[in-house]
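This is what each chain is made of:
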Amino acid sequence: MSYEITLMTTMAISVLFALSLNFITGFCGQISLGHAAFLGAGAYTSAMLSKADVPFLFTIPAAAICAAMLGAIIGLASLRVRHDFLAITTMGVGFLFVGIIRQQDFFGGEIGIAGIPSSGFGKGGFMLICIALALTFAAFSLYVRRSWMGFVFKSIADNEDVTRVLGIDVSRYKLIAFIIGTGTAGVAGALYAHHFRFVGPDSFGFVESISVLAMVIVGGIGSVWGVIFAAALLSVLPMLVQFIDDYKLLFYSGLLFAMMRFSPDGIAGLCTRLFSYIPRRVPDNGGNNR
Amino acid sequence: MTEILHVRDVTVRFGGVYAVQNVDLRINNGELIGFIGPNGAGKTTLMRVITGIVQPQSGRVFLQGVDITDKATHLRIRAGLALAQQIVQPLRALTLLDNVAIACGSDKTRHALKSMWVTDIRSERAQARELLARVGLSHVVDELPGTMPLGYLKRLEVARALALNPRLLLLDEPLAGLSQKEAASLADLIATLNADGQTILLIEHNLREVMRICPTLYVQDNGKSLAFGKTDQVMSDPNVRNAYLGVGHA
Amino acid sequence: MLYLELFIQGLVQGSIYALIALGLTLVYGLLRILHVAHAALFTLGGYIGVIVTNATGSFTLAMLVAMLVVGLAGMLMYKLAYEPLLSQPPYVSLIASIALFIASEEIFRIAFGPYGLSYQTAPLQGHIELFSGFYLKYAEILVMGLSTILMIALAWLSMRTRTGVAWRATVTDPDMARAFGVKIQNVRYLNFFIGSSFAAAAGVLVALLNNLVEPTMGSVASYKALAIIVLGGLGSIRGTLIASLLLGVLESFGTIYIGHLLDRDAIAFAFLILVLMIRPQGLMGGKL
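Chains as they are written, first to last, in our numbering: chain A, 1 to 290; chain B, 1001 to 1250; chain C, 2001 to 2288.
Everything labelled a hint here was simulated from the structure, so no lab data went into it.
There could be a bad hint or two in this list.
[Said to hold, decoys possible] Computed Cβ-Cβ distance ranges for the label pairs, DEER-style:
#1 His1111/B with Ala77/A: 21 to 31 Å
#2 Leu2061/C with Tyr247/A: 29 to 39 Å
#3 Leu2261/C with Arg1092/B: 37 to 47 Å
#4 Arg197/A with Leu2261/C: 21 to 31 Å
#5 Phe2134/C with Gln242/A: 52 to 62 Å
#6 Lys1230/B with Pro2090/C: 45 to 55 Å
#7 Thr2121/C with Met69/A: 49 to 59 Å
#8 Gln242/A with Gly2113/C: 13 to 23 Å
#9 Leu2154/C with Asp1142/B: 45 to 55 Å
#10 Gln2120/C with Arg1092/B: 56 to 66 Å
#11 Asn2186/C with His1111/B: 45 to 55 Å
#12 Phe275/A with Arg2238/C: 48 to 58 Å
[What the hints assert, rightly or not] 25 Å max Cα-Cα, derived SDA-like pairs, lysine to any residue:
#13 Lys248/A with Ala2081/C
#14 Lys1071/B with Asp169/A
#15 Lys2079/C with Leu250/A
#16 Lys1114/B with Ile179/A
#17 Lys2137/C with Thr2056/C
#18 Lys248/A with Gly2116/C
#19 Lys1181/B with Ser1138/B
#20 Lys2183/C with Gly2164/C
#21 Lys1071/B with Asn1165/B
#22 Lys1071/B with Ala72/A
#23 Lys2137/C with Gln2125/C
#24 Lys1071/B with Gln1086/B
#25 Lys1114/B with Leu142/A
#26 Lys1114/B with Asp161/A
#27 Lys1230/B with Phe1062/B
#28 Lys1071/B with Ala77/A
[As the list claims (entries may be wrong)] Here are some chain A residues pointing at chain C (derived, C-beta under 7 Å):
#29 Ile88
#30 Gly99
#31 Gly254
We put the beta carbon where it would ideally sit given N, CA and C, even for glycine.
Next up, chain A with everything else stripped away, as it sits in the complex:
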């Protein structure tokens, strides 16, 4: 049972983290190659507060605020750059974060922070908290998709310049997407810290950022259900394929490549095509939701 609980907790945290990136990249079209930095900001905040005897539940909003504040700063700076320049800038933010953490004794330096106190809810209770938070954000994502904000996001993802000519304050919307997405990554970080009870600079590097982007894209960029499915699957895939131990990363990367090569719109796109023989209803709220 303990193994299943660990598995489910890992899944829930990954789903929350992937959905937080989906909010920025999937909804608003702003690619990020450094999203793990915000997971890290949340994780370090929560870890350090916990070590200072702050109760776990209070560290969650603190982690969210800390990550969102960092996100707001990065978001403001990122407004100046677009497309591939944005991708590399966000990648740079990731390296900068790890680089700073690594060199500061205050953050535990190279070694990181170990011995983070337990959440106090037991393994099962902690799992339920993780699942509840992931589901809440999933529901919120689905709602936003249907709102006017989601409508505008879709328009920005499609064509920023046109959206601006429609009288919409594109920068403001992008900034909000950034703040919500990074703040939620911070929450995922707080959960991460209390799941592993350890945080170190290597846990939030480039590889993590790429993995989470892979989850979003494999799921089908912007599709909430697709991203949930892909994040749940990809997060535990390494554990599930333990039996091919030496080849698991090769398997993972092969799968990723095959997905991009043969179904670039991800699992969501794959499903759409599989079920396309079912006659399409004209959606009463079509267009701005999925």
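Based on the hints, put chains B and C in the right spot on chain A.
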């Protein structure tokens, strides 16, 4: 007559080259002005100065008496401008209906945070349907732009601009790339919009249609104002004839 | 004296960066792909260099074989991986490229072991004393010399030959070049060949400097080279070369003077972000 737009003594230099030099332009309520000039006359640059994509080195732009020179593009749109672009840019992921509906909802998209709490889109869709009907696209409202011919997308641009309920509609070469028949019918539509009270500035190369529908012409050449006035008077102006014949346009 | 030493070290590192980043720029300029798997070709070059040198004893032969084989591998990669994805949004080829890169690291590890390979008798390990107390390894001289020669050769090819002119025209304006009858497809292959063989040369040289090739040797190249081409202005060859040398020197000084605040990568990216905030289009990029 109330003045809608006043471009006052605007100059734009790119490097050492004058793209627009000491240009003055006034547009009054209800007018339909054809804005013509040979290639390189600075038409697009002036349009970009009006929409705020290019900042002038000197001069001011007023919209309904308010100085908008330092305002961001989206604020100018909110102040009453709308633009149909020369290269059609539909939002490819949205249906034609939603392309227009998002512009209809400008009240709902004004405040980013508040827009999260609003989901109702019915009235905007209804309004969009009317606008699409007005430009003759009521039979394809649920299609995606990717499948539509250029003529339809040009009309979509116009409908989307109208959806912003502008005081001044800027049309940047709406007829370019259309067949003679399509161009004539879109020009008719533009004339109808104007007859219904819409103030329009029309940049266009298609002189035949411009002369047919525009009572007033504004001509620019080499970045300078060349002529402004009644269409037949302007067209008989030797300077204008020179500018056009000089570079091989008929 | 320390300054000069740091400066030279920076130039050596910068030359390696330049060789790697050049290929990336060529690919980006023509296809708008952030070609992360370029670093896999760099690693492949290093492995071929060590294996051929150990088998034949000739370093020169190893260099040539590495450049040729990796050049062809690059063309193959374009054909099999990128060409089918050209019509997709850019992040698709980016993720595909990252997947290829991870897969290649795994293949190197599985095929040649996790601890890497070394030269049996590493060539050019001696050094000369430029002036008292200041030594320069032969390998380092070779790095700077060979990079310079390769760059000059490329410049000559692109300026003086018909192929070169067609190639430059295509990189500048593909549509216009097509109108003049240039076969875009061939230019793309050429880009991948040249870019990949330069990366191979860099791989062989890095293997020489460290006397080691290992599966993960490409990881720095994978992201640092991206930073360099963005810094240079995406698609600008001149910008890429300047950015490479600049970053090499900057890192070299930075690790000594602000190393306690930021590690090497963070210094590079801090500089990148700083530049992009001032010039969002990069050092040499045109107006966006």
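The hints, checked one at a time:
1. His1111/B with Ala77/A: 21 to 31 Å: 24 Å, holds
2. Leu2061/C with Tyr247/A: 29 to 39 Å: 34 Å, holds
3. Leu2261/C with Arg1092/B: 37 to 47 Å: At 46 Å between Cβs, range holds.
4. Arg197/A with Leu2261/C: 21 to 31 Å: 29 Å, holds
5. Phe2134/C with Gln242/A: 52 to 62 Å: 53 Å, holds
6. Lys1230/B with Pro2090/C: 45 to 55 Å: 51 Å, holds
7. Thr2121/C with Met69/A: 49 to 59 Å: Check passed, 56 Å falls within 49 to 59 Å.
8. Gln242/A with Gly2113/C: 13 to 23 Å: Cβ of Gln242/A to Cβ of Gly2113/C: about 22 Å, so the range 13 to 23 Å holds.
9. Leu2154/C with Asp1142/B: 45 to 55 Å: 53 Å, holds
10. Gln2120/C with Arg1092/B: 56 to 66 Å: Given about 58 Å between the Cβ atoms, the range holds.
11. Asn2186/C with His1111/B: 45 to 55 Å: The hint (45 to 55 Å, Cβ to Cβ) holds, given that Asn2186/C and His1111/B are roughly 54 Å apart.
12. Phe275/A with Arg2238/C: 48 to 58 Å: Distance hint for Phe275/A, Arg2238/C holds at roughly 51 Å.
13. Lys248/A with Ala2081/C: 21 Å, holds
14. Lys1071/B with Asp169/A: 12 Å, holds
15. Lys2079/C with Leu250/A: 21 Å, holds
16. Lys1114/B with Ile179/A: 15 Å, holds
17. Lys2137/C with Thr2056/C: 23 Å, holds
18. Lys248/A with Gly2116/C: Within the cut-off at roughly 20 Å; holds.
19. Lys1181/B with Ser1138/B: Distance ~20 Å between Lys1181/B and Ser1138/B Cα, so the pair holds.
20. Lys2183/C with Gly2164/C: 13 Å, holds
21. Lys1071/B with Asn1165/B: Holds: Lys1071/B and Asn1165/B sit about 19 Å apart, inside 25 Å.
22. Lys1071/B with Ala72/A: Roughly 23 Å separates the two Cα atoms, so the pair holds.
23. Lys2137/C with Gln2125/C: Roughly 6 Å separates the two Cα atoms, so the pair holds.
24. Lys1071/B with Gln1086/B: At roughly 23 Å apart (the allowed maximum being 25 Å), Gln1086/B and Lys1071/B satisfy the hint.
25. Lys1114/B with Leu142/A: The hint holds at about 17 Å.
26. Lys1114/B with Asp161/A: 22 Å, holds
27. Lys1230/B with Phe1062/B: 23 Å, holds
28. Lys1071/B with Ala77/A: 21 Å, holds
29. Ile88: Holds - the Cβ of Ile88/A comes within 7 Å of chain C, reaching about 4 Å at its closest.
30. Gly99: 2 Å, holds
31. Gly254: Hint holds; Gly254/A Cβ to chain C Cβ min 6 Å, cut 7 Å.
In the structure shown, no violation is registered for any of the earlier numbered hints.
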